[in-house]
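**Student:** Given the sequences, and given the hints that come with them, work out the whole structure.
Sequence lines, in order, name chains B and C. Here the first sequence stands for residues 1 to 373, where the numbers follow this note's numbering. Here the second sequence stands for residues 1 to 373, where the numbers follow this note's numbering.
No lab work stands behind these hints: they were computed from the structure. Watch out, some of these pointers could steer you wrong.
One copy or two, either will do: identical chains are not told apart, so a pair holds if it fits within one copy or between any two.
Claimed, not checked - Okay, derived cross-link-like pairs now, DSSO-like style, lysine-lysine, Cα gap no bigger than 27 Å in a straight line: (1) Lys211 <-> Lys333; (2) Lys361 <-> Lys177; (3) Lys253 <-> Lys361; (4) Lys69 <-> Lys241; (5) Lys69 <-> Lys329; (6) Lys146 <-> Lys210.
There are 2 protein chains.
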Amino acid sequence: MHTPRQHIPETVTALTLIEFNLVMSETTTAIQSIEWREDHVRIIDQTFLPGRTVYCDIRDVGQMWDAIKKLKVRGAPAIGIAAAYAFYLGIKDIQDVSYAGFKIEVDRISNYLSSSRPTAINLKWALDRIASTIHALREKPIDEIKESVLRLAKTIHEEDKRICKKIGLEGQKLIPKEANILTHCNTGSLATGQYGTALSMIFHAHEAGKKIHVWVDETRPLMQGSRLTAWELDKAGIPMKLVIDSAAGHLMKSGKVDLIVVGTDRVAANGDTANKIGTYTLSVLAGAHGIPFYVAAPLSSIDMAVATGDDIPIEERDSSEITTIGGTKIAPKRIDTFNPAFDVTPAENITAFITEKGVIKPPFTENLKKLFS
Amino acid sequence: MHTPRQHIPETVTALTLIEFNLVMSETTTAIQSIEWREDHVRIIDQTFLPGRTVYCDIRDVGQMWDAIKKLKVRGAPAIGIAAAYAFYLGIKDIQDVSYAGFKIEVDRISNYLSSSRPTAINLKWALDRIASTIHALREKPIDEIKESVLRLAKTIHEEDKRICKKIGLEGQKLIPKEANILTHCNTGSLATGQYGTALSMIFHAHEAGKKIHVWVDETRPLMQGSRLTAWELDKAGIPMKLVIDSAAGHLMKSGKVDLIVVGTDRVAANGDTANKIGTYTLSVLAGAHGIPFYVAAPLSSIDMAVATGDDIPIEERDSSEITTIGGTKIAPKRIDTFNPAFDVTPAENITAFITEKGVIKPPFTENLKKLFS
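**Tutor:** Below, the structure is given as structure tokens:
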């Protein structure tokens, strides 16, 4: 069952609706990867892309945990949004309890959702924000708290769209009138409420009439570049070429890359940045070739509670991700593997962060702190 | 139809036979990827590995061109050996011609085989060596020339085994008693007459009792690391872990790589080195982390006729290599790609070359020249 892509959630306010329509008419990049539908969440199951566009209706918190774990929904901001809706799904049927009893369930659900993926901080950020709201409303009737949680989930979702748009508009200023841009993984509409983070910069540069061409890293092992980013850029009509991850060095050496833009799963207080495995390598190559290396980072992905990248947990994923592709076995049986999903790029390799509050340049420890003061 | 791996070609001389037996008993890495069988060549069709060990009998030069082009046989030294046998297959049925007529066919076959893959110089090296022999024997009867070509092909094959063994024995001295070694692509018995080049260093370090562990880059797009190197190391019982190519930076940053060893498809006179795409990136990362970066290079892969890496042609291969895997489509239809099979690592990023004449250190322009004087 397919949903028309222009479908507008019934629940958005009049103001949001106007903005939403404006947004829709401005861009061809309006893929809605997550949508609230009356009493459940509808996501695009990204594991089927680009072959098939399969929608998946999620009606309880366990289904969402599974969807996040299996990367049906992925991308740090999108995970945050998905978890927020899932929080509501988790609490909505709790009946006849005291606040104390309700709170026990709230903590359980928060810990459970938090365990789905360890690296992206947006997940924890969304869960903490909801838990705070629940605490603030502790004197209110449980039903009222539940409704507030749903409203907050929708707010987080709508906010993310606005934030991504701002990142795109701010970030595109850094892109020259003609540019070859290299990007890694998927940071587009599929990874966020809309537009994306790093990809939002690219979409907005394109819409501003800049003559850009994108090198899309395929992004092993799960091919978010070839499956998702190539798909989004193709839909938006932006010139691009797909390359294997290890071609990036050759491209830079040949003078074919003017800048690199990536997203992030978590930024530490000093600017160290966790992102999809391979990002660190790109940052070293960028440094060796004098190429600007930009990280698009909504404030929700900046974790002032961790001092440096050493404190960011790095998720290790199943070996089958690198020993099989689409059912095809590509390695001998029982082979040992090491499959970290992320790496950490040290702050000194990063030219600037692009946030919804503008472009942040070094010194990062000082300038990131200012964002939250 | 399978051949026992201990099968000894009928045609080797007594001396070679003894050496061959010695070699066989010394190592578990005695995979024979190419074998001359009376009137044809038998190769392991590497495109089926590691799933199935399929042998392919090659009876004419067109079949070999196809096998080289499609990477059924691959690895610079193995391509040289395969082309040498194919040269004989191409000339053996030429009947009743003058030397002048024979020579026209010889040139045609040489050009034809040479066109199968442009980057590896071993191919051209083997073809030129045979053409020179034919020219030297131009006064002899055609049948005698044919027999000499077959003998020369067998000699090139046997020489390669000895060369690879020497590279292994010399190179293993550079490997510490305990070491984490990273390698890229496949440079083992499958890529050569036997043992391999970079992998020969690893096999011989293991046999010398060194406590080594190998990080095997999967090597997109064609997975020579996961399909072939992992298979060879697994058979040899050498501890290893398979990683995606873009995990290399993370491994080095984490202090988990002590040295990098790779092979080469062509070394220019100044030491610039063409090898599998991704090698250049590894060399930049090695430099950034102070890790030795070694290139195992038989003399047949050193091309003193090209001054620098700028003069080495880089093969671009079909986009299907990066848009599909084992029949699974992993990118949108009609997407643009860029798929260079090789890149060039500048001489200054290389710690040393390991050749059959020993370890060559900088200055390379001077020291490589000495090898041929």
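**Student:** Each hint needs a verdict: does it hold in this structure or not?
**Tutor:** So, going through the hints one by one against the coordinates:
Taking the shortest alpha-carbon separations for Lys211 and Lys333, only the inter-copy value of 23 Å comes in at or below 27 Å, while the best intra-copy value is 47 Å. Only within a single protomer do Lys361 and Lys177 lie at most 27 Å apart by alpha-carbon distance; the minimum there is 21 Å, versus 45 Å between protomers. Proximity of Lys253 and Lys361 under a CA criterion of 27 Å is satisfied in both settings, with 26 Å inside one chain copy and 24 Å between copies. Taking CA atoms no more than 27 Å apart as the test, Lys69 paired with Lys241 passes between copies only; the shortest distance there is 24 Å, against 30 Å inside one copy.
For the homomeric pair Lys69 and Lys329, the shortest alpha-carbon distances inside one copy (22 Å) and between copies (23 Å) are both at most 27 Å. Proximity of Lys146 to Lys210 under the C-alpha cut-off of 27 Å is found in neither arrangement, the shortest distances being 46 Å within a copy and 63 Å between copies.
Consistency note: the structure conflicts with earlier hint 6 alone.
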